[in-house]
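Turn these sequences into a full structure, and let the hints guide you.
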Amino acid sequence: MTNVAIFVAQIILAGDFMHSMGKMYVVVAVVVLVLLGIFSYLIFMDRKIAKLEKRFNRKND
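Counting the sequence shown from 1 gives a position; the working numbering is that position plus 276.
These are computed hints drawn from the structure, not numbers from a lab.
All C-beta atoms, glycine included, are put in the ideal place defined by N, C-alpha and C.
Any given hint could be a false lead.
[To be verified] So the derived label-pair ranges between C-beta atoms look like this:
#1 V284 - F332: 46 to 56 Å
#2 K330 - A285: 54 to 64 Å
#3 A305 - F283: 23 to 33 Å
#4 F283 - N336: 50 to 60 Å
#5 V280 - V308: 24 to 34 Å
So this is what it looks like as structure tokens:
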């Protein structure tokens, strides 16, 4: 087998192991929480930057 085939087989077996142990749901939940945190931070920063841009444009006009 090539190295790629061995690597893919290990990933598949690791996925089966995680699923059989019930840990797959924990992994999915953590990934979802991290993504939600990143998106909420981006939205927060976008709003904050928009307020600063409005304030900056008012001063320059």
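The hints, checked one at a time:
One distance hint, 46 to 56 Å for the beta-carbon pair V284 and F332, holds here, with the actual separation near 52 Å. For the pair K330 and A285, the supplied restraint of 54 to 64 Å holds, since their beta-carbon distance comes to about 56 Å. At roughly 26 Å, the beta-carbon separation of A305 and F283 lies within the given 23 to 33 Å, and the hint holds. Take F283 and N336: their Cβ atoms lie about 56 Å apart, and the range 50 to 60 Å holds.
One distance hint, 24 to 34 Å for the beta-carbon pair V280 and V308, holds here, with the actual separation near 29 Å.
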